[in-house]
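Chemist: Those protein sequence lines, which keep their order, are chains A and B.
First residue of the first sequence? That's 1034 in this note's numbering, and the numbers climb one at a time after it.
First residue of the second sequence? That's 4 in this note's numbering, and the numbers climb one at a time after it.
It is worth saying that the hints were derived from the structure and are not from the lab.
Where a beta carbon is used, it is the ideal one built from N, C-alpha and C, also for glycine.
Where hints are given, some of them may not hold.
Distance condition first, Cα-Cα at most 25 Å in a straight line; then the derived BS3-like pairs of lysine-lysine [as the list claims (entries may be wrong)]: (1) B/193 x A/1221; (2) B/65 x B/54; (3) A/1040 x A/1146; (4) B/65 x B/76; (5) B/193 x A/1146; (6) B/121 x B/97.
Covered by chain B, per the in silico footprint, the following chain A stretches (three or more residues, Cβ under 8 Å) [as the list claims (entries may be wrong)]: (7) 1129 to 1138; (8) 1328 to 1334.
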Amino acid sequence: MAFLELKGVSKGFGTFGHRTEVLRDLDLSVERGEFVAIVGYSGSGKTTLINLIAGLQLPDSGTVSINDLEVTGPGPDRGIVFQNYSLLPWLTVRENIALAVDQLFPNWSAARKRQHIDHHVGLVGLSHAVDRRPAELSGGMRQRVSVARALAMDPQVLLLDEPLGALDALTRATLQDEIGRIGSASGKTIVLITNDPDEGILMADRIIPLGAGPGATLGPSIVVDLERPRDRKALNHDPRFKAIRAEIVRWLLGPGAHKSTSVSRKLVLPDLEPEDLDLPRTLFGVKRVARRRSEQVRENIELR
Amino acid sequence: MKKFPPWLSNILMPFVGIVVTLVLWQAISGRVVQSRQPDGTMEESKAGLLKDLPGPITTWEKTRKYVVEPFAKREELDQGILRFTWYSLVIVAKGYAIALALGTPLGFLLGLSKSFTKMFDPIIQILRPVSPLAWMPLGVVLFSNTGRAANELAALFTIAVCAMWPTVLNTAVGVRAIPQDYLNVARVLKLSRWQTLRRIMIPATLPYMFTGYRLSLGIAWLVIVAVEMLTGRIGIGNFLWNEYNNGLYTSIVLCIVTIGVVGFLLDRAMSLLERRFKTA
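All chains, please: the whole structure from these sequences, using the hints.
Modeler: So this is what it looks like as structure tokens:
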């Protein structure tokens, strides 16, 4: 039995009749200490998948279990780094992390909590900014705080929901290296969600492509057997890197691509008659009256 | 043309505006003219566009004693203008405190529960536009058996019930606007309901709450004049009404200016507080 396991998980939204299935019959197993990246199209339900693992949403069918225990709700054993950081703007960096530490380790002494927070802030290289508020930090710094907060919770699983999606390319590259390093050093089980195959290959041990939605399914898992630490400059010319990348892209564009037949959407046309341009102009412009097709009265006159 | 530095123009421009207003006021206000009658006596009469409106110079001359000794207490109905204002401010503060104490939790309930909103929103929308002049008699009746405190309680009731609504509605909007992300943080950390309220929801709603508080304070200050006119409590509104009955129009102008200035200062103070609590 794997550490983190999803079995036949499906999830949809909407009410009966207008229902869209986002994820269909997903199976996923992640071993303890493994770093798995799920690479998929935007809008394919990646965030829904991470929310299911986090317990913020529950699957319609199938089970999510961690350590053989079924996930029935969110909990601090699964630390999440949200796409939009989710830092509380009225708290400083220290207070944001302290909120988590105070809640999870209420029995610790103040000194131990302080040391714990300082350690994790230092880990992401933000010791100089510990008393600043999120508004005074750049996007990259905010995301580091978010990572520090998740790590300070000492979770069993670290869930990264497109953590670098909102960052510029250079910051993104730096943080990829940093999170990759911190992640593998912590020895934690990590699930990374991303839309960038390179990011996945650079950071993860194993990559699983997620097909296009609706009704997205997971592709075959692709092991990234590249030496760590991975050097992004050298990787660009590494034939193995290229092969893995090609494999992911091939699946995403092939079997996992948009299924044109499965898209069904009810189109509702506006219930309006086109405006009559022949109407005479008055002093204050054309008098525009919106007319609805449904309000038009039709009379059938039978002629004999 | 050389531009003034911003700090100078920030002072200069309003000053120019005030001067222009004073000049216009003087121009349209009534003045006293003397005319020689056919029988040789001099007769005084008023002239001008609004001949009963006292101009700024007349106002200053007639109401000096209220302004230069703002805290003097000569008689019950003859006190310095700031002393009157102080009486009014005290009662406003009490009524306002009641309004906030009732309005904030009510706003939270409305923001948190959809069914509560559906139940009580129509009633709030009906009570909200009711004028203080309409509430006041009800307040007097309700508290008529409380003896000496009756007037004060009626005043507090009226202020509270009129000033409460912006706080209620803004708090409710603020609670509904709390980003789901913040609540997700609370869920992941498994914060208790009370903790979630205290650590996440209240701080996240504060900016909205303060907007409500500011609007409520404005209304409380509006209501006090009406309340004092009706109940006869000593205060600036009551002073205004008495001077109207005495035919001293200059004092009315003084009261209007004072009420305006105090209202403006209260609003400024609240908006400074509000900015202090703005997050992100």
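Chemist: The structure should be examined with respect to each hint, and the outcome stated for every one.
Modeler: Hints, one by one, checked against the model:
For the hint pairing residue 193 of chain B with residue 1221 of chain A, the CA-to-CA distance comes to about 21 Å; that is within 25 Å, so the pair holds. Of the pairs offered as hints, the one joining residue 65 of chain B and residue 54 of chain B holds, with about 17 Å between alpha carbons and a cut-off of 25 Å not exceeded. Pair hint residue 1040 of chain A plus residue 1146 of chain A does not hold up; C-alpha atoms about 38 Å apart against a cutoff of 25 Å. Distance hint between residue 65 of chain B and residue 76 of chain B is fulfilled; the C-alpha atoms sit about 18 Å from each other, no more than 25 Å.
Taking the CA atoms of residue 193 of chain B and residue 1146 of chain A, the gap is near 18 Å; set against the 25 Å cutoff, the hint holds. For the hint linking residue 121 of chain B to residue 97 of chain B, the alpha-carbon distance of about 31 Å lies beyond 25 Å, and the restraint is violated. Judged by the Cβ-Cβ criterion of 8 Å, the region 1129 to 1138 of chain A is covered by chain B as claimed, because 4 of its residues qualify and three suffice. Under a criterion of three residues with beta carbons nearer than 8 Å to beta carbons of chain B, the stated coverage of the region 1328 to 1334 of chain A fails, only 0 such residues being counted.
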